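*Asks:* Residue-level listing of the chains:
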Amino acid sequence: MIWDWAFAFEILPVLASAAIVSIEATLIGFALAASLGLVLAVVRIAVPWTGWTISVLVELIRSTPLLIQIFFLYFVFPKFGVVLDAFTAGVLAIGIHYAAYCSEVYRAGFDNIHRGQWEASVALNLSAWTTFRDIIIPQAIPPIVPALGNYLVALFKETPLLSAIAVLELMQTAKIIGSETFRYTEPMTLVGLFFLAMSLVSAALIRSLEGLLNRRTMR
Amino acid sequence: MTEQPMVRFDNVSKRYGALTVLDGLNLEIARGEKVSIIGPSGSGKTTVLRMLMTLETINDGVIWVEGEPLTHMERNGKLVPADLAHIRKIRAKIGMVFQSFNLFPHMTAMQNCIEAPITVLGMKRADAEARAAELLDMVGLSEKKDHYPSQLSGGQQQRVAIARACAMRPKIMLFDEVTSALDPELVGEVLEVIRKLGREHDLTMLMVTHQMGFAKEFSDRVCFFHAGKICEQGPPSELFGAPKNERTRQFLHAVLEAG
Amino acid sequence: MGIRTLVAMLAVALVVIGALATQESYKVFMPGLLQGAVLTIEIAILGSLLAIVMGVLAALARMYGPAPLRWLATVYVEIFRGTSALVQLFWLFFVLPQFGVTLDAFLVAVLALGLNVGAYGSEVVRGAIQSVARGQWEASTALNMSRPQMLRRIILPQAFVAMIPPWGNLFIELLKSTALVSLITLSDLAFKAQQMNQNTFKTIPIFTLVLLMYLAMSLVVTIGMRLLERRASLGLARGKAA
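Heads up: the protein sequence lines correspond to chains A, H and L, in order.
Residues in the first sequence are numbered from 1 upward in steps of one, following the UniProt record's numbering.
Residues in the second sequence are numbered from 1 upward in steps of one, following the UniProt record's numbering.
Residues in the third sequence are numbered from 1 upward in steps of one, following the UniProt record's numbering.
No lab work stands behind these hints: they were computed from the structure.
One thing to keep in mind: the hints can contain errors.
As the list claims (entries may be wrong) - Straight line, CA to CA, 27 angstroms or less: simulated DSSO-like cross-link-like pairs of lysine-lysine: (1) Lys145(H) - Lys124(H); (2) Lys171(H) - Lys93(H); (3) Lys196(H) - Lys144(H); (4) Lys27(L) - Lys79(A); (5) Lys175(A) - Lys27(L); (6) Lys229(H) - Lys196(H).
Source: prediction; values computed, not measured.
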């Protein structure tokens with residue numbers, strides 16, 4: 001028999017608990033990406049001479065495979081006497097990788113702020129920090145929330161890469177089940193369906209969020 | 001037997017949801033007739049041309065071209081909505097010039113004029129080029145034949161668009177506010193080409209225009225549209241000289257005041 | 001980033017790779033890594049070709065196909081965009097054989113990556129076609145062109161220019177995704193790196209070289225697409241400045 005329902009139900013709880021690891025990795029990784037990305041984008045504006053360095057750094061990170069970056073962090077830290085467990089190293093790599101993408105999103109958001117807003121802030125003698133915190137960021141962030149949301153979903157779909165350094169997330173768990181039982185159909189397909197369901201739901205959420213934001217700015 | 005009208009709108013209606021753009025339009029245009037459509041914006045005048053060009057579907061009624069239905073076809077003695085093959089057969093008799101030119105930006109003036117003759121009519125390239133050269137000469141742009149639209153002025157682009165439409169040898173030409181997007185000093189050259197076209201070619205012409213002077217001088221008949229209906233129609237001398245309808249008078253008064 | 005900066009970065013990357021390759025501690029890894037890079041490039045090129053074909057076909061099917069075809073294309077796009085590339089790769093590699101279809105790992109790699117990126121590509125093609133001005137469709141209709149004629153002669157040539165930058169990004173994504181094939185036994189660049197790292201624990205030299213090699217390959221793609229974009233937009237923009 002090609003598809004065994006009993007077997008599928010049997011492995012479901014194991015996969016469900018592994019899914020929690022995947023989701024944890026996603027949330028921690030994205031928190032890192034979103035905050036580090038914002039820092040990169042702000043530093044770039046606040047300290048103009050860093051612009052070029054940050055561009056090159058972002059280009060470097062975006063031009064090389066995440067999998068290699070995961071391996072690199074996982075194996076290179078011990079060389080400096082810091083031993084990171086696989087989950088930490090993997091999530092760190094994912095977070096840094098997506099921070100590069102997020103920083104470009106923030107940058108676009110900042111670029112869309114009308115010059116007059118900066119000039120008015122200068123005219124009111126606001127400090128750079130206050131200008132960012134109270135004037136620029138509140139205007140720049142809402143329009144880019146959907147773009148950030150898309151990266152959250154993209155990041156989530158890359159968590160299976162953590163299986164390459166044996167983090168017990170969904171994919172690794174499915175592979176272990178497969179190699180122990182010689183049945184790959186059910187675990188792999190269930191993993192695929194889980195990702196599909198999560199992606200479709202998030203896509204719908206992002207769309208309604210977009211609608212909400214559009215209405216808000218129309219007002 | 002009396003001659004078939006070139007175009008006949010038979011009780012044609014067009015609605016967008018709750019909004020009725022055209023309400024039971026009846027209009028016949030004779031072979032070779034030049035008809036101008038005037039009226040305030042939103043009166044449905046452009047929709048008349050777009051329906052005839054099949055750019056818009058119709059909700060009610062039938063449009064006939066040379067006695068054959070355009071929007072419908074006969075099957076077992078009944079009229080059913082036309083399929084694409086039928087529409088393309090009838091549509092071949094109609095050409096259109098747009099307000100915003102709509103030249104193909106990736107093709108030169110010459111390429112714009114030979115594209116459809118080659119792909120649609122299956123003409124040989126040399127024949128198509130010869131005909132296009134003649135037409136570009138007629139619109140006074142022989143020297144610009146290898147220019148891209150972005151290298152031409154608005155007036156020149158519109159003249160290429162006229163040549164391009166003529167290259168398909170239509171019997172009916174539709175002009176949709178063809179001078180509205182032009183700078184005032186370029187309007188004349190385009191109108192001159194249309195005059196020439198009217199003189200030298202045996203064409204039925206239907207134009208939506210804001211150029212009252214041109215409509216008066218050029219057309220055989222003027223139709224004044226208001227709120228999706230023909231409010232008044234007649235020879236330009238009558239319609240412009242002694243409008244019978246109050247709305248027509250108001251409209252002409254407002255337009256002439258502004259002009 | 002400007003094309004000059006990109007070319008400068010590529011030059012620096014190549015010079016650094018060259019300089020490192022003369023160092024004793026790096027030299028030993030070069031032949032193996034280059035061998036891996038060749039496989040990476042092969043998979044990237046074939047995968048990209050498949051992605052283009054699938055992207056165009058799926059977009060046209062979704063926009064103009066009859067209902068069943070439209071439905072099929074939508075399912076394809078949603079499935080391949082909704083699950084991750086690695087899941088698709090593993091599914092084709094581990095699950096297909098259980099249905100009695102055993103494909104060679106190389107073929108699985110090209111199929112999975114090409115189908116994955118093709119799904120994203122179909123959205124790019126669709127967006128570019130929709131970005132062509134409505135007047136172009138109307139003018140083609142007024143000239144009585146058939147739908148395939150309009151698409152081929154008028155719409156696609158104009159949409160092509162708009163497609164180049166997003167396709168450039170997709171090719172980079174695909175190139176980076178080729179690293180995943182190391183997890184289904186193919187000896188690509190990532191696999192060689194991982195293997196040598198396990199054998200020698202010389203993490204820093206190996207991964208420095210590998211990262212630089214991927215960077216150089218990505219930059220070649222980016223620069224190539226920029227040049228293509230410049231050439232293609234020439235036809236549309238000719239004389240616009242004048």
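*Asks:* Which hints from the list above does the structure break, by number from lowest to highest?
*Replies:* 5 and 6
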